[in-house]
Each structure stands twice: as C-alpha cells, then as structure tokens.
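Novice: Listed here are the chains, written in short residue letters.
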Amino acid sequence: MSNQDVSGSGGASDRFRELYFTEALREALAEEMERDPEVFLLGEDMGVYGGCFGVTRGLLEQFGPERVRDTPISEAGVVGLAVGAAILGARPVVEVMFMDFITLAMDQIANHAAKFRYMYGEQARVPLVIRCPAGAGRAYGATHSQTLEAWFLHVPGLKVVAPATAADAKGLLKSAIRDDNPVIFLENKVLYQSREWIPDGEFTIPLGRARRVCEGGDVTIVAYSRMAREAEKAASILAEEGIGAEVIDLRSLVPLDIDAVVASVTKTGRVVLVEEGTRTGGVCAELGMRLFEEAWDSLDAPIQRVTAPDIPIPFAPELEAAVIPTAADIAAAARALAES
Amino acid sequence: MDLLECYRLMWRIRLFEEKVDQFFGDGTLRGTSHLCVGQEATAVGACAALRPTDYVTSTHRGHGHFLAKGGDPRRLMAELFGKATGYSRGRGGSQHMACYALGFLGSNGITGGGIPIATGAALAIQRRRQSHVVLCFFGDGAANQGVFHEALNLAAVWKLPVIYLCENNLYAMSTPVRATFAIPRIAARAAAYGMPGHTVDGNDLQAVRDAVAEAASRARDGGGPTLLECQTYRLVGHSKSDRRVYRTREEEEEWRARDPILRLGNALLAAGELTEAQAAQIREEEAREIEEAVAFARQSPVLPAEAALEGVYA
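These protein sequences, in sequence, are chains A and P.
Numbered continuously in this note's numbering, the first sequence closes out at residue 860.
Numbered continuously in this note's numbering, the second sequence closes out at residue 686.
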C-alpha cells in the first residue's frame, strides 16, 4: 500500500495533467489498443455515439469499426462472443451500458468466463474486461442505478476492480486489460464528471493494492469507487473536529488488499466500512467477516458499516439522495465510533 | 478423412459410449453423463469436413464430438474417472473438457452456452484474417435459448466464419420438439437471420459431411455463417437416470433401423469398399482401444486434494 502506487512503464514523469475521469479511461483504452492489436472494444453505441457516457468518444475515428464495434442490444451474446474471442487470444473490452444490464450476461460470466481456467487448465486464458458504468446519483431509477459488485465477489475466477480517481481509472484499466483473467471493471457514473490531476505519460497500477487516501490514528474508513471520495470528504469533516480518520481506498475487491486494511485497523482499533450498494450480503458483509477473522484482537469497538438500505434505488432525486451514503453519514458513523 | 476412417471413428464413439453406459450402470463411474449413441454420424460427418486447424464447440453430450475432433479416448475416459490424466485433470468431468490444441474448445454443461463462445472464436479468427472456421454443435433444446438468437444474429451481421450445427434428436431431455417449436424445421429460423439454413438427414454421414463441407467453404470465402439442422435420434436415455417414459419402444425401434453406423457400413459393403471381415476387424480394434482407455483410466491417479485449490486464476 502506498500513496503513490503508480508503476511507470514508459514515460511516467513528475508532470501532471488535469483530466476528466472519462478522459483517463479513454486514454487507457487508446494506449492499450495502440500497444496490442488484440485489444478491441465491443458494446452498444460505442462508435459514432462514443458510448452512452462518452468514454469511447473519438476512438472509432482513431481505430476504425473493426476495433470499436457497435453491437446489437444483446448483452448475453456480446459477452459470450467476447469470452469466445478471448480464449483464442483476443483481448476484448466490453462496455455494458449500465451495470444493471450485466444481469443479462450472468451465465456467460459466471458459468463460462470464470470457470474455464480452473476446468481446462493452463491452455485456457480468458483475458476479458467488462466495463460497467455503475451507481446511483443521477435519478435514473431502479434498473439504471445499481452497484452490483457484491455478486461478482461470490464467483471464484473473476476479478473486480473499482477505481475512485481519474489516475486510478487509467492505471487500473490498463492493468485489467493486460490481465489474463476476466475482470469486472466498475466505473461510477457520478465520477465520470470529476476532473483531476493525473500523472503524465504511460503508467499502470497493479490490481490488489489499496491506496491510503489520508492518514489518521483514531478510526479507519474503508471504501472504494465513489464512496472512497465520500470517505475522503468525511475525513476532512472529522479532521476539523480533531478526529483523525485514516481512509483506505481498496481500488480492487478481487484481489483484495486485506493486509492494508488490517494494518490500518491494527493502528486505529476502529473501522467503518462503506459501500454504495445494498446492505445484506454486500461487500461490507464480507469485509467485516474478514476483519473479524484477521483483526479481532485489534478491534476496540464493533465494526460499523455504512451502506444503502435493502431497497431498490428510488427515482425521485430527493429519495435517491436520502438512501445513498454521503460523507455526512460516514462522518457520523466514524464520529460515534471514535467517541465510543 | 475418408469413409473408412469415418466408419472406424463412429465405432470408436459407439463403443466408448456403451462402455461408459455400462460403468454408470454398475456404479464404476459417479456423477452424470449424456451419451450420443445413435448420433455418431453428426459428430463424425461434421468433423470429417473440417481441417485440423478448425475449431469445434460442443455440448453436454460431447464425448462423440471430442473423439471425432481427434480426442484421445484414454484421456477422455480418464476424465470420466476423475483422474489426473484426464483432459481436465479430473476438475471438469463429462461436460467440461477441452483441448485447444486439437481445436476442441470445450463441451459445455449449460444448454446453449457454447453458441456465443463459438461465435466469438469466429470473431477472433476473422479479426486475424485467418481461414479457419468454427463448428458449433448444439441440440434442439439449445435452439430455444436466448443466446441462440443473439449469437446467430451477430454472426450473420458480421459474416463470421461459423457453422451452427443443430443436432435435432427430437427431445430436449423428455420434451418433444413438437411441444417446443411451432415450426416444422429448426433450419427455417436461418432465414430470420439472413443466413442459409438446411435440414439434413443427420444419420447419413455423407449427407452431414457434404453439408458441413459446403458451409465451411462458404465461411472460409467470407460468406458468413450457416445453420444446419441434422435430424437424428439418441438411441439411449438423456442421462443415466432416464427411464424413457416420454417415447415409445416402437419409435425407438424405427430409429434403430436407421442406425447411422449400420447405414454407412452397409453402403461401404455394397460399394465393395469394405468386407465383412474388415468390418469385424475394425470393430475389434476399436473395442481394444476402448479397453486400453479403461485400463489407462483405472491405473491413473487422482489429483491430490490440495490441487483442488489451485488454478482458479491465470
């Protein structure tokens, strides 16, 4: 774990540029497509339209229709095609327009992509990335707002990656594309609009290494994706009150950098786990159990979690905002813990 | 592959399956298995029309497809025994075997699961400007899965080098095609995707081989996919527990008279390309081959238990 966990594999430098999260993802795709002709993109409205959220804008002009493939609305078929292409050595990157639609492709992901390596041994590699615009906050309603990563933790053979910053989006996506396993790659839709400084030049960030967002001695806050940003804001609120919160951004859930979490909890003795998804059977449920198993002796107070309640995401912006965790919710949970 | 080789291969598959059936009956083998007795002409006829560098995807009923694509009976049998020398080292079993070096991309425990996989393999081939084709085996049951529609449409739109070979054996487990299709011919669906579709006598090896050869030739020339419906019949139950209450013994006898191995044998005998003595010799040699496979499987070790925890990720 480190604050600057960026592996330069070329022109990484001390210079920084300001980029939108979407632009960082686009750079990752373009650089990997330049580097390896087997990398190609598949998805709905990826080409002229540039992807529903504009991530692939301009790539059709740069790489042509064979490498930026618009598909029919056939999520199961498209993901299945990508699996079939991947086992012959192609490196497809599929965009599922909204993560909610990945439900349509679950058989190909869980029964095929995830299991081929185990069943068929070393001859089988499934270098496949499924990019999933995910999350609430845009008033899209119950079928366009979910964060479903918890389901994929439960399928051995998959990796699950969820960046929180533009730099991580670029570096982690490049690593995901180079990985020989199927990777579910979450892109929180609210983050698309964030504009941040990222290192110039080419760099990758390894999967499975958490990022310490800020240091603190009183309480640990563990989060990922958009919630890592909320946790960072919560730490600022707490700092003004004299409470030192240490925020750990997991970056990837599989592989999971449990050591980083345990190390922080060993220091603080108190931990708040955060996820945007629903509560029961969620990521925090798993993380909490892991800490129970691996950090019990270090815990000075019960593990707390801040999640969405067990409901479909409501449409009305006011209702939606009321059920998605915020910095204030996280700060409240951490404050209560720190004062316990 | 000439017709005599096809004849030999059909016997290899038949005897392999009969041996497996015996082993499930007497408790030697555990788990489940779906046998292709009676469907050998589709497996062998289709693979006989392919090149070694072409690819095949298979189904839950995949032993015949694998043997027809060059699979080693010893390693297939060892997999059914769950042994470390099996194609999946005992981690896969009957429905989960592959050998990419032979172009066999895998049997498949999910009905229809191989259809998009085959289509994606064809996409990889097309992107590299290679001249290989992919042959996708599936059954009448799989033709009613959603991915059948999605994959065939995609293959037609992108003109992918793939041959969809539907082994219509008249029953999806117990449910007859008349209860699951409102059309008399599954091949008629090809028109809806804008690809050629043909119905073939699936128990006629030469008819299957010719139809696949024509489809492969078109696919190699950039002409895109074909849907072939091969009408056939499994002479045994769906799986080991099947008591075949959904069909009559009379119907089975009718199909037994159309046994694809007998048919090819009789044609070869009539043409003077095979003698009774040669036929008996081929059968004996293949029976010996299967016995050797059984001995190999029996003698092979099971992976150590800790190996079950390895190899989930590349």
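Possibly wrong hints are sitting among the right ones.
What the hints assert, rightly or not - Listed next, with one range per pair, are the computed distances between beta-carbon atoms:
{"hint": "1", "chain 1": "A", "residue 1": "E806", "chain 2": "P", "residue 2": "G518", "range": "41 to 47 Å"}
{"hint": "2", "chain 1": "P", "residue 1": "R670", "chain 2": "A", "residue 2": "Q643", "range": "22 to 28 Å"}
{"hint": "3", "chain 1": "P", "residue 1": "L675", "chain 2": "A", "residue 2": "L839", "range": "49 to 55 Å"}
{"hint": "4", "chain 1": "P", "residue 1": "F553", "chain 2": "A", "residue 2": "I831", "range": "38 to 44 Å"}
{"hint": "5", "chain 1": "A", "residue 1": "Q582", "chain 2": "P", "residue 2": "E664", "range": "54 to 60 Å"}
{"hint": "6", "chain 1": "P", "residue 1": "G566", "chain 2": "A", "residue 2": "E642", "range": "38 to 44 Å"}
Unchecked claim - Chain A is faced by these chain P residues, among others (derived, beta-carbon under 7 Å):
{"hint": "7", "residue": "A456"}
{"hint": "8", "residue": "S460"}
{"hint": "9", "residue": "R463"}
{"hint": "10", "residue": "H468"}
{"hint": "11", "residue": "A470"}
{"hint": "12", "residue": "I482"}
{"hint": "13", "residue": "P488"}
{"hint": "14", "residue": "T491"}
{"hint": "15", "residue": "E522"}
{"hint": "16", "residue": "L526"}
{"hint": "17", "residue": "Y565"}
{"hint": "18", "residue": "L675"}
{"hint": "19", "residue": "A679"}
{"hint": "20", "residue": "L681"}
{"hint": "21", "residue": "G683"}
It should be emphasised that the hints constitute simulated quantities derived from the structure, not laboratory data.
We treat Cβ as the ideally placed atom computed from N, Cα and C, and that holds for glycine.
Novice: Give a verdict on every hint.
Specialist: Tested hints:
no., hint, in the structure
1, A:E806 / P:G518: 41 to 47 Å, "violated, 31 Å"
2, P:R670 / A:Q643: 22 to 28 Å, "holds, 25 Å"
3, P:L675 / A:L839: 49 to 55 Å, "holds, 53 Å"
4, P:F553 / A:I831: 38 to 44 Å, "holds, 42 Å"
5, A:Q582 / P:E664: 54 to 60 Å, "holds, 57 Å"
6, P:G566 / A:E642: 38 to 44 Å, "holds, 39 Å"
7, A456, "violated, 11 Å"
8, S460, "holds, 5 Å"
9, R463, "holds, 5 Å"
10, H468, "holds, 5 Å"
11, A470, "holds, 4 Å"
12, I482, "holds, 5 Å"
13, P488, "holds, 2 Å"
14, T491, "holds, 5 Å"
15, E522, "holds, 3 Å"
16, L526, "holds, 5 Å"
17, Y565, "violated, 11 Å"
18, L675, "violated, 11 Å"
19, A679, "violated, 11 Å"
20, L681, "violated, 10 Å"
21, G683, "holds, 6 Å"
The structure shown violates the earlier hints numbered 1, 7, 17, 18, 19, 20.
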